[in-house]
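Visitor: With chain A fixed as given, assemble chain B onto it according to the hints.
2 protein chains.
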Amino acid sequence: MIETDIPGYTYGTDAVPHSPVSLEELQLLQSTLLLGEDDLIALRRSGDLLAPQVEAILDVWYGFVGANPHLLAAFTGPDGQPDQAYLAAVRRRFGRWILDTARAEFDQAWLDYQHEIGVRHTRNGKNRTDGVQAADHIPLRYVLALLIPITTTLKPFLAEGGATPDEVEAMHKAWVKAVLLQVILWSQPYVRDGDF
Amino acid sequence: MIETDIPGYTYGTDAVPHSPVSLEELQLLQSTLLLGEDDLIALRRSGDLLAPQVEAILDVWYGFVGANPHLLAAFTGPDGQPDQAYLAAVRRRFGRWILDTARAEFDQAWLDYQHEIGVRHTRNGKNRTDGVQAADHIPLRYVLALLIPITTTLKPFLAEGGATPDEVEAMHKAWVKAVLLQVILWSQPYVRDGDF
Chain A
1 MIETDIPGYT YGTDAVPHSP VSLEELQLLQ STLLLGEDDL IALRRSGDLL
51 APQVEAILDV WYGFVGANPH LLAAFTGPDG QPDQAYLAAV RRRFGRWILD
101 TARAEFDQAW LDYQHEIGVR HTRNGKNRTD GVQAADHIPL RYVLALLIPI
151 TTTLKPFLAE GGATPDEVEA MHKAWVKAVL LQVILWSQPY VRDGDF
Chain B
1 MIETDIPGYT YGTDAVPHSP VSLEELQLLQ STLLLGEDDL IALRRSGDLL
51 APQVEAILDV WYGFVGANPH LLAAFTGPDG QPDQAYLAAV RRRFGRWILD
101 TARAEFDQAW LDYQHEIGVR HTRNGKNRTD GVQAADHIPL RYVLALLIPI
151 TTTLKPFLAE GGATPDEVEA MHKAWVKAVL LQVILWSQPY VRDGDF
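As given, the protein sequences belong to chains A and B, one line each in that order.
Position one of the first sequence corresponds to residue 1 (this note's numbering), numbered consecutively onward.
Position one of the second sequence corresponds to residue 1 (this note's numbering), numbered consecutively onward.
Only chain A is shown next, with the shape it has when bound in the complex:
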């Protein structure tokens, strides 16, 4: 079951401004990442496998963040404690993000939403979606670094459901590229003008 009514999830709506990155630039970035048609197919296959496991995956990811104070800091309120309502609100969008990544429709609406996600990690957008008072930005280095724990911990879930080892490898490889594509796009609002 795919949730559709998720607070702050504005993918595909008029609430999302245009990305400063063009579709042509996205295309060049995908080719630099060697992200091809076979990866799109592998990503889409992964969606069927992952959909019933979304909550279990989020448990692992939230466990990792919770175990690392420098990451949990993103969710820490003025009282120095993790903001549970904020964690829960982000979690619903994060679950949907798994399915959206697996959908692998890298079109204008998707590109625009990547920019929106990026901005929401920076001083110019963090906390506003959920009306919370937590850390005012997430350091870019951790946004980029999460590629590894996310894709590493995903792999066992890709191996559930009867895919062959080669298929699991192909899906994992595609996920590494797709997540790197996204964290690169998310880095744009962090970067000095003209340098992205």
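Worth flagging that the hints you see were computed from the coordinates, not collected in a lab.
There may be inaccurate statements among the hints.
The list treats identical chains as interchangeable, and a pair is accepted whether it falls inside one copy or across any two copies.
Stated by the list, open to error - 20 angstroms max Cα-Cα, derived EDC-like pairs, lysine to aspartate or glutamate: (1) 155 with 166; (2) 155 with 100; (3) 126 with 195; (4) 155 with 112; (5) 173 with 55; (6) 126 with 160; (7) 155 with 167; (8) 155 with 169; (9) 126 with 112; (10) 173 with 48; (11) 126 with 107; (12) 173 with 100; (13) 173 with 105; (14) 155 with 130; (15) 126 with 136.
Guide: Relative to the frame of chain A, chain B by itself:
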């Protein structure tokens, strides 16, 4: 044979300024990347395998860059042609970079040199080392994206020399983490103050 007299290769010398990233921050970044002792061992094992193959690896990487005009642009001079002397000068340092990555000594001198490498990709440092007039910076998105072609094309070279498939996987995984660690550090001079 490890070249030691490479123009512009200033690793470990007084010519390299201190990194703005601390060793403690480096440590947290490594742990976020799940880069542990086993990865350091795998990287060091890879050094022996890769050392005799450095020129062949560089042939592949230069072939990739040469086949992609948006990447080759980094080496393009005012006449619109690739600057061959510049390509050759960078190539010598790039070869050494393979061995330095495999050495996996992530200490202060290494950290400082990562910052230097990062700056050399930006408007504040590009072209100066080699006294050339090429593109004034490399867009950060391509610096980050090169993780995939670099580590993907490296894998067959890791499989040369008799390592088992599991050992090849371990070395490859360690390389992905080590290159991501580096491109993250290289991103620091691109990022707005305080946001890295």
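Visitor: If the cutoff is 20 angstroms on CA atoms, where do residue 155 and residue 166 land: within, between, both or neither? Let me know, please.
Guide: For residue 155 and residue 166, both the intra-copy (12 angstroms) and inter-copy (16 angstroms) Cα distances are at most 20 angstroms.
Visitor: Is it within, between, both or neither when you check residue 126 against residue 136 at 20 angstroms Cα-Cα?
Guide: within (6 angstroms within a copy, 32 angstroms between copies)
Visitor: Which holds for residue 126 with residue 107 at a C-alpha limit of 20 angstroms: within a copy, between copies, both or neither?
Guide: Neither: 24 angstroms inside a chain and 33 angstroms across chains, both beyond 20 angstroms.
Visitor: Within a copy, between copies, both or neither: which one fits residue 173 and residue 105 at a CA-CA cutoff of 20 angstroms?
Guide: within (17 angstroms within a copy, 28 angstroms between copies)
Visitor: Reference check for the pair residue 173 and residue 48, CA-CA at most 20 angstroms: within, between, both, or neither?
Guide: Intra 17 angstroms, inter 26 angstroms, cutoff 20 angstroms: intra-copy only.
Visitor: Give the relationship of residue 155 and residue 100 under a CA distance limit of 20 angstroms: within one copy only, between copies only, both, or neither.
Guide: Within one copy only: 17 angstroms inside, 29 angstroms across.
Visitor: Is it within, between, both or neither when you check residue 126 against residue 160 at 20 angstroms Cα-Cα?
Guide: neither (35 angstroms within a copy, 47 angstroms between copies)
Visitor: If the cutoff is 20 angstroms on CA atoms, where do residue 155 and residue 112 land: within, between, both or neither? Let me know, please.
Guide: Intra 28 angstroms, inter 34 angstroms, cutoff 20 angstroms: neither.
Visitor: Which holds for residue 173 with residue 100 at a C-alpha limit of 20 angstroms: within a copy, between copies, both or neither?
Guide: Close inside one copy (17 angstroms), not across copies (26 angstroms); limit 20 angstroms.
Visitor: Go through the copies and call it for residue 126 and residue 195: within, between, both or neither, with a Cα cutoff of 20 angstroms.
Guide: Between. Shortest inter-copy distance 12 angstroms satisfies the 20 angstroms Cα cut-off; intra-copy 22 angstroms does not.
Visitor: Between residue 126 and residue 112, at a C-alpha cutoff of 20 angstroms, which is it: within one copy, between copies, both, or neither?
Guide: within (17 angstroms within a copy, 31 angstroms between copies)
Visitor: One pair to classify: residue 155 and residue 167, alpha carbons no more than 20 angstroms apart. Within, between, both, or neither?
Guide: both (11 angstroms within a copy, 18 angstroms between copies)
Checked against the numbered hints above, the structure breaks hints 4, 5, 6, 11 and 14 and satisfies the rest.
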